[in-house]
Each structure stands twice: as structure tokens, then as C-alpha cells.
Amino acid sequence: MAAPCWLALPVAALAAVMLWSPGGSAAGHIEDQAEQFFRSGHTNNWAVLVCTSRFWFNYRHVANTLSVYRSVKRLGIPDSHIVLMLADDMACNARNPKPATVFSHKNMELNVYGDDVEVDYRSYEVTVENFLRVLTGRVPPSTPRSKRLLSDDRSNILIYMTGHGGNGFLKFQDSEEITNIELADAFEQMWQKRRYNELLFIIDTCQGASMYERFYSPNIMALASSQVGEDSLSHQPDPAIGVHLMDRYTFYVLEFLEEINPASQTNMKDLFQVCPKSLCVSTPGHRTDLFQRDPKHVLITDFFGSVRKVEITTETISLQQASPVVESSNEEHEMVEEPIDPLKYAEQLPVAQIIHQKPKPKDWHPPGGFILGLWSLIVMVFFKTYGIKHMKFIF
Amino acid sequence: MAAAGASATDLELVRGKRAALFFAAVAILLGLPLWWKTTETYRAPLPYSQISRLNALQVRLEGAAHRKVHTLLKAPMPSSAQLRLTVPVTVVFTRDSVPLDDQLKLPFTCRFQKAYRRALDHEEEALSLGNVHEAEAVLFEPEKQAEGSLTVYMISEHSSLLPQDVMSYIGPERTAVVRGIMHREALNIIGRRIIQIAQAMSLTEDVLAAALADHLPEDKWSSDKRRPLKSSLGYEITFSLLNPDPKSHDVHWDIEGAVQRYVQPFLNALSAAGNFSVDSQILYYAMLGVNPRFDPASSSYYLAMHRSSAASLYPVLNFLLYVPELAHSPLYIQDKDGAPVATNAFHSPRWGGIMIYNVDPKIYNASDLPVKVEVDMVQVMEVFLAQLKLLFGITQPQVPPKCLLSGPKSEGLMTWELDRLLWARSVENLATATTTLTSLAQLLGKISNIVIKDDVASEVYRAVAAVQKAAEELALGHLSSAFVASQEAVTSSERAFFDPSLLHLLYFPDDQKFAIYIPLFLPMAVPILLSLVKIFLETHKSWKKPEKVD
Chain V
1 MAAPCWLALP VAALAAVMLW SPGGSAAGHI EDQAEQFFRS GHTNNWAVLV
51 CTSRFWFNYR HVANTLSVYR SVKRLGIPDS HIVLMLADDM ACNARNPKPA
101 TVFSHKNMEL NVYGDDVEVD YRSYEVTVEN FLRVLTGRVP PSTPRSKRLL
151 SDDRSNILIY MTGHGGNGFL KFQDSEEITN IELADAFEQM WQKRRYNELL
201 FIIDTCQGAS MYERFYSPNI MALASSQVGE DSLSHQPDPA IGVHLMDRYT
251 FYVLEFLEEI NPASQTNMKD LFQVCPKSLC VSTPGHRTDL FQRDPKHVLI
301 TDFFGSVRKV EITTETISLQ QASPVVESSN EEHEMVEEPI DPLKYAEQLP
351 VAQIIHQKPK PKDWHPPGGF ILGLWSLIVM VFFKTYGIKH MKFIF
Chain R
1 MAAAGASATD LELVRGKRAA LFFAAVAILL GLPLWWKTTE TYRAPLPYSQ
51 ISRLNALQVR LEGAAHRKVH TLLKAPMPSS AQLRLTVPVT VVFTRDSVPL
101 DDQLKLPFTC RFQKAYRRAL DHEEEALSLG NVHEAEAVLF EPEKQAEGSL
151 TVYMISEHSS LLPQDVMSYI GPERTAVVRG IMHREALNII GRRIIQIAQA
201 MSLTEDVLAA ALADHLPEDK WSSDKRRPLK SSLGYEITFS LLNPDPKSHD
251 VHWDIEGAVQ RYVQPFLNAL SAAGNFSVDS QILYYAMLGV NPRFDPASSS
301 YYLAMHRSSA ASLYPVLNFL LYVPELAHSP LYIQDKDGAP VATNAFHSPR
351 WGGIMIYNVD PKIYNASDLP VKVEVDMVQV MEVFLAQLKL LFGITQPQVP
401 PKCLLSGPKS EGLMTWELDR LLWARSVENL ATATTTLTSL AQLLGKISNI
451 VIKDDVASEV YRAVAAVQKA AEELALGHLS SAFVASQEAV TSSERAFFDP
501 SLLHLLYFPD DQKFAIYIPL FLPMAVPILL SLVKIFLETH KSWKKPEKVD
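As given, the protein sequences belong to chains V and R, one line each in that order.
Using the UniProt record's numbering, the letters of the first sequence map in sequence onto residues 1 to 395.
Using the UniProt record's numbering, the letters of the second sequence map in sequence onto residues 1 to 550.
What the hints contain is simulated information worked out from the structure, not anything from laboratory work.
Check before you lean on any hint, since a few could be wrong.
[As the list claims (entries may be wrong)] Once the Cα atoms are required to be at most 30 angstroms apart in a straight line, the calculated DSBU-like pairs of lysine-lysine come out as:
hint, chain 1, residue 1, chain 2, residue 2
1, V, 147, R, 513
2, V, 171, R, 513
3, V, 106, V, 73
Please model the complete structure; the sequences and the hints are all you need to start from.
If you want it as C-alpha cells, here you go:
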């Protein structure tokens with residue numbers, strides 16, 4: 001047995017926690033207040049990650065979203081606080097040479113699909129309506145908890161969207177669009193109901209900056225991969241899989257996030273510098289005028305990680321000791337289980353019957369519309385050509 | 001012939017003009033209103049004016065030292081209704097406590113609704129007993145004390161009910177005892193003592209400010225104000241036992257018994273604040289994610305976020321009991337100064353608490369691994385219940401000087417602490433409901449395409465009525481009915497706001513509207529308009545012509 005140990009310095013884990021000790025000198029109190037002023041006032045973190053494309057050639061959008069999902073999970077946000085919306089038709093696509101995988105680096109270095117992905121909205125559930133319902137909270141009562149954004153006024157939310165976009169709109173699943181005005185209105189409704197403390201909006205599409213032009217609610221910071229009129233380009237073509245694996249902006253953002261661990265003090269200004277024009281070809285943009293704090297003081301882990309404030313419990317309630325009833329519970333555990341009949345599965349698929357089946361006699365059906373139409377066409381053409389007087393020789 | 005032909009064409013012309021005019025009349029008088037009516041969205045009427053009046057409620061918080069006027073929302077209106085909170089306080093005078101004629105002249109601020117009376121005989125007897133606890137046992141009548149009310153007994157200066165230097169005493173059941181002074185000029189002193197006691201047992205400005213913290217733009221950063229759970233209809237409490245080293249420790253905890261004996265009475269006392277459901281689990285090989293070292297603590301830790309049972313939509317409070325591994329036992333938590341924390345526990349606002357349970361080292365000598373560990377539930381529950389109190393925001397009030405605070409009841413919660421919670425919650429609920437209704441009205445006013453169904457409208461009406469009722473009850477000092485009304489207001493307003501039918505996907509920018517309607521209406525409208533123009537020009541010319549001839 002080791003000597004008494006003290007809980008001390010941090011180590012690799014999933015989330016960071018700040019420890020506050022109540023009391024302290026007056027100078028410490030002023031310092032605390034100054035620190036507190038620059039800290040975000042949030043107590044929990046949420047993430048909404050949306051990939052708005054489907055089909056095999058949009059592999060890179062799914063890889064983008066899944067890579068961000070992995071980073072966010074690594075930095076501490078649990079699955080219950082992540083709403084992941086994907087078309088999810090890559091891993092099991094018939095054209096995928098490596099089924100059940102989605103790679104984000106060429107030469108198949110990094111499989112971001114894995115076996116613990118929790119996709120909340122998949123395939124055709126990723127629609128503009130569902131996305132807006134998730135954001136505003138107006139989901140039907142039967143929606144399970146994992147599909148809801150249960151944030152409160154002390155939540156910091158990260159919203160990441162990727163796909164194909166244009167000037168003022170974003171295409172959802174090749175069939176509908178969401179405009180920047182609708183998005184701004186949705187954020188305003190979230191603000192009215194105090195569903196977020198601060199919001200970070202990242203978008204990686206062509207002309208992404210147009211999507212955050214219309215925001216008007218406070219406490220929103222936005223990042224985009226390209227300005228209006230520019231296209232965001234993809235990054236890594238993989239000859240084995242045959243498609244591009246990632247988009248440039250997300251690739252460099254993820255490289256940046258690899259350096260972040262739950263204790264790092266890197267701030268948002270560094271994130272703005274990620275992917276300059278020389279690497280990205282497009283010009284990334286950002287918008288901070290609606291945000292109250294200075295981006296210099298905003299930690300990356302305020303949005304990408306899950307930080308919890310913690311206080312030491314110093315008081316206890318005194319309870320009277322009731323008579324212990326320990327012995328009887330032990331005895332119950334030692335009761336022998338009665339033998340029960342062995343269980344077996346019901347016969348679900350009677351294979352023997354199917355194999356030795358005789359072919360069923362098919363019922364006769366009168367000829368359908370096509371045959372009738374074809375014959376009536378032939379008959380009409382015949383009589384038109386040769387005249388109606390031949391009728392009496394036929395019938 | 002030509003004349004007949006000319007008159008025929010004239011007739012044609014006149015008929016043509018009449019036809020064109022009728023077309024235009026039908027299109028404009030019948031068609032346009034029909035099109036407008038059939039394409040408008042159904043919007044049930046809402047009480048917008050009442051909602052905007054709610055918006056202007058002001059809470060007047062008068063502190064003794066300073067005055068601050070907090071407005072719930074932006075626009076303060078001059079002649080608005082004021083949200084008044086009154087706490088009914090009954091002051092009972094025994095003989096020789098205060099000079100007779102002064103008994104009705106005690107100065108009070110307007111938050112407390114004062115009622116004075118003389119002590120009845122049995123009360124006089126009870127108050128002349130030797131011990132304040134015995135007196136309380138006699139005086140305690142739970143049915144007569146309405147929720148939120150206070151009774152203050154004034155005893156004489158030289159009474160031996162309280163210890164010698166103690167001026168006042170706060171009991172566990174909404175009663176207090178204050179020493180009176182026989183001197184003529186002592187009214188202010190006594191009045192102040194009573195006010196301090198009453199404030200400690202009911203409401204102070206801090207409590208109200210904390211309740212309204214989310215709706216006030218400033219003062220967001222104090223940790224005290226972020227700690228309490230938001231008001232909700234129900235809560236789910238989960239107790240988890242984490243055993244990362246089952247090879248060394250065979251841990252048993254009698255959680256059912258402990259919940260029944262200690263937690264359930266506490267939750268029953270708190271039952272007015274919401275429904276509670278309790279469950280428990282044991283997790284094996286679950287790490288807390290900390291690596292202990294011998295260095296003194298800095299101020300960061302790492303903590304793995306644990307998955308709680310995700311089955312309920314109510315806020316969840318997690319309480320984890322961690323039994324450290326054999327290699328890391330015993331494990332202590334250090335605070336900033338380096339001293340070990342007595343409770344060995346910490347908590348996180350709006351999430352829950354964690355306690356580290358160190359196994360008694362003597363057990364290891366007796367047997368070989370795994371050793372059977374029986375968790376001392378009393379020690380554990382003391383800490384967890386204290387954390388539960390803190391997470392709910394039930395903190396130690398500011399007691400006035402020279403005041404004796406009675407020991408806690410067996411459930412761990414004093415009745416007036418519950419009252420304080422309910423006062424704060426009622427105000428918070430009212431503020432939330434008002435904000436929700438106002439933002440809903442704004443939203444529906446701004447986006448004119450949203451359909452407002454009848455049930456949404458009825459929920460809004462119900463919410464507005466409940467807010468008004470709650471405000472009235474708060475002004476009268478009926479705490480329990482005010483709290484119930486405020487909860488109903490919050491539920492109705494949330495249900496109205498989050499109704500799934502209020503989706504504004506019917507957003508049509510103006511250019512899209514034109515694009516839809518022009519191909520339909522333009523081919524029809526152009527001939528009509530052109531013919532109208534032609535008719536108008538001709539009539540204009542024909543009016544002018546007679547002038548020329550004459």
C-alpha cells in the first residue's frame with residue numbers, strides 16, 4: 001500500500017476542471033475577480049456537428065465532420081452532449097473499398113469512423129427542418145434525449161457545418177437549402193430563450209462567410225473557410241479510395257486542434273490564424289463583433305472541450321445514525337438460485353422448409369395495360385392504313 | 001348601311017368596354033380579397049397587450065443600506081404594476097417584553113406584513129420554561145403556520161429562556177424568539193432586530209438578485225449565482241459507486257437503506273420544490289482520471305465526465321462515491337493552502353458531487369485480497385446531502401449578531417430554508433415565464449408567416465393568467481399558492497414557446513414571392529390593366545371634346 005497520496009497535477013484525461021477554494025486573502029480575492037472577469041461564465045459544453053451532403057463523391061464532408069467529432073470527444077465533450085447529423089452513407093457504401101471505415105488522411109492513416117460513433121440524425125433525417133428544430137428546441141415530444149439539444153443559459157455551444165454552399169445559402173442533401181436569414185433567426189430564437197451562453201459557429205463551405213453575415217444575436221463568434229465569391233478547396237485526394245478525403249480548412253484546423261489538450265491556454269486569436277491564404281487558397285474569415293469578450297481571452301477549450309468549475313465541499317449535515325440493518329442483506333445474497341428450465345430461441349426461420357419447397361402454381365392474370373395498349377395501337381394503325389372495310393373479314 | 005355598320009361597331013365597342021370593366025371589377029373586388037383570405041396563415045389571437053404589461057413588472061428591492069431598482073426586462077414604464085413580495089410576520093408580545101403603548105409602533109419596512117398580538121396564556125407558560133427547545137416543543141403547531149409566514153416571540157429582557165448574551169434565536173420551524181427591551185426609546189433597536197431575523201429567515205436582496213441573475217445584464221460572474229440549479233418541475237438524482245479496482249476491494253454499499261433512511265426524508269421535506277426520482281448504480285473499472293503525485297496541489301484537476309443515465313428529460317444530479325485503488329490509497333484532496341479537506345469531497349455547479357472514500361487500512365492486515373469493504377453510509381450521506389443543499393442554493397443565511405441558530409432537524413432541512421428556496425424559485429419562475437412570453441410575442445409579431453394554432457394560444461392565455469395570479473399571491477404573502485401558480489406559468493409558457501408547430505420554415509423572401517406570383521397573375525392582369533387604361537383615356541378624351549365643340 002502506498003503512502004498517503006495527494007491529488008495534484010493534471011494528467012491525460014477527458015475533461016478539465018478548475019478547482020476553486022473559497023476564502024483566501026483580500027489580494028487573492030481581487031485577483032480572483034479579475035480572473036473571473038475574463039473567464040467565460042459557462043458550466044457545460046455542447047456541440048452540434050452537421051454534414052449537409054450525401055453521396056459518395058462528398059466523402060470529404062463526412063470525413064470533415066467525423067474528424068471534428070473525434071477532436072471534440074477527445075477534449076472532453078461526452079456523446080450525450082454532442083448532436084451529430086450525418087448522411088452516414090460512406091462507411092457502408094458499395095463503392096467504399098474499405099467498408100466500415102471513413103479515412104481522413106491519405107494512405108489510410110486515420111480511421112475516424114471507428115466503432116463508437118454515435119450518429120444522432122442520419123441519412124434522410126438530416127433536413128433543414130430537423131436542424132432548425134434541434135437548434136430552437138421545438139422538437140416533437142416523442143424525440144429521444146440523444147436527439148435534443150438540452151442546453152441552458154450556461155452552455156457554450158459549438159456549431160460546425162460543412163457541405164456545399166453558395167452566397168447566402170447552404171445546400172442540404174441536394175434537395176433543399178437553408179438561408180443565412182433563417183440561420184440568424186434561429187440563433188435569435190435561441191438567444192431569446194437563453195439556450196446558450198456563448199456560441200461558436202464554424203462553417204467550411206464555398207462562400208462560407210456569407211452564412212454569418214446576417215447574425216444579430218449577442219455572444220456569437222463565427223469562423224468561415226472562405227469569403228463571398230471564393231470557393232473552399234479540398235485537400236487530400238486518395239487514389240486508393242478514389243475521392244478527396246478532407247477539405248483544406250478543416251484539415252488545418254484539425255492539425256491545430258491536435259496540439260490542444262484539455263489544459264492548454266491557447267486562445268481564439270490563434271485559431272483565426274489557422275490556414276492562411278498560402279495554404280488554403282481561399283481566405284478564411286471570422287466575425288467577432290457580436291462577441292462580448294476579447295478573442296484573446298477566449299480559450300479554445302471554452303468551446304472544444306468540456307470544462308467544469310468545481311468547488312470543495314466544506315460543510316456537512318449531521319445525521320443521526322439509524323440502527324444498522326446490514327446483516328440481513330448479506331444473507332439474502334447467499335441464497336441459492338433455483339434451477340430453471342434451459343431457454344432456447346424460437347424457430348424464426350424454418351430453413352428446411354424453404355429449401356425443400358415446391359414451386360407454387362401461379363394464378364393467371366389478364367393482360368395488363370401495356371399489352372392492351374400495344375395491341376390496340378397495332379389494330380388502329382392497321383385499320384387506318386387499310387381502311388375500315390376489312391373489319392368484316394376479321395370479325 | 002355604313003351607319004348601321006358604324007352603330008354595330010359602336011355597340012361592339014360599348015359591349016367591349018363593359019366587358020372589360022366587369023372583368024376588372026370581378027378580378028379586383030372578388031378575386032383579390034379571395035386570394036388574400038385563402039393564402040393567409042391561421043393565427044389565433046394572443047393577448048399582446050397583457051404580455052407587454054407583464055414586461056414592465058418591477059421588483060422593488062429595498063435594502064437597508066442601499067436601494068437598487070432592478071428591472072426584469074428592458075423598458076421601465078412609469079406607472080407600471082410593481083411586483084411586491086410580502087412576508088407575513090406575526091409578532092407576539094409576552095408580558096414585560098416591551099412597554100405596553102409601544103407595542104404597536106414598531107417600525108417596519110414594507111416588505112413585511114406585520115401583525116401584532118399579545119401572547120396567549122399557554123404561550124406565556126411555554127416561554128417561561130427553562131430551555132428554548134422545550135418551549136418550542138410546546139409551541140409548535142404545524143397546521144397553523146402557513147408557508148412563508150413567520151412568528152416572532154418577544155420575551156422580556158431578563159428572561160432566562162435564552163442564554164445570557166444571546167439576543168435572539170431562530171428555530172427550525174418558522175419561529176423566532178427575540179429579547180425585548182423595556183426602555184422607551186428602544187423601539188428602533190427592537191425593530192431592527194426583528195427585521196434582521198425576518199430577513200434571515202425569508203428574503204434578502206441577495207436572494208432575489210440571485211434568482212433574477214440570468215435576467216440582469218450585470219453581475220454574471222459571481223460563482224455563487226451560478227451554482228444553484230435552475231428551477232424545474234422535477235429532478236433526477238443518481239448515486240454511483242465507482243470501484244476502479246475490484247480485484248482489491250469488494251465494495252458493498254447499502255444504498256437502498258441509506259436512501260430510505262436519510263435521503264428520502266430530505267427529499268420529502270423538499271417535495272414542494274419539485275418531483276424527485278432517485279436511482280443508483282455501481283461502475284467497475286471506472287477511473288476518475290487523476291494521477292496522484294506527491295507535489296502540493298496547483299489549481300487544476302482532470303476529471304472524466306461520466307455518463308449518467310440518459311433516460312429522463314429532467315435535470316440530473318450525479319453523486320459519485322469513488323473508492324480509490326489499492327495502489328493509490330488513501331487519497332486525499334488538498335485545497336489551495338495544502339491542507340487536506342475534511343470531507344474529501346468536491347462538487348460542481350449544476351452537475352453534482354464527488355466524494356472519495358478511503359478504505360480503513362486496518363482491513364488489509366486481516367485478510368487477503370479482495371477485501372470486503374462495507375461503506376459507512378452515514379458519513380457518505382452527510383456529505384452528499386450537504387452537497388445537495390448547496391447545489392439547490394440553500395446556503396447559510398446571514399444571521400444577525402448575537403443570534404443563536406438552532407440545530408438542524410432530523411431531515412437536515414429547516415422549514416424556513418425551504419421557504420427561502422420557494423421565495424427565490426417563485427421569483428425566478430415569474431421572471432422566466434415573463435421573458436418567455438415576451439420573446440414569444442416578439443417572435444410571432446416579427447415573423448408573420450408562423451401559424452398560431454388554438455392550443456398554443458390557449459397555453460399563452462393560461463400562462464398570462466398564471467403569472468398574474470402568482471404576482472397577486474406573492475403580494476398577499478401566500479407562498480405555497482404563489483409557488484404553484486408560478487410553476488404553472490413556467491410550464492405553460494414553455495409549452496407554448498416550444499410547441500413543434502411554431503417553426504418558421506415558411507420564410508419567403510420578397511423576391512421568391514414575386515417569382516411565384518408573377519407567372520400566375522401577370523398574363524391575366526396585363527390585358528385587364530391595358531384595357532382599363534384605354535377606357536380611361538377614351539373617357540378622358542370624350543369629356544374634353546364637348547368643351548371644344550361648345
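How the hints compare with the structure:
A C-alpha spacing of about 34 angstroms is found between residue 147 of chain V and residue 513 of chain R, which places the hinted pair above 30 angstroms, so the restraint is violated. Restraint check for residue 171 of chain V and residue 513 of chain R: the C-alpha separation of about 20 angstroms stays at or below 30 angstroms, so the hint holds. Using a Cα cut-off of 30 angstroms, the hinted pair residue 106 of chain V and residue 73 of chain V holds, with the two alpha carbons roughly 22 angstroms apart.
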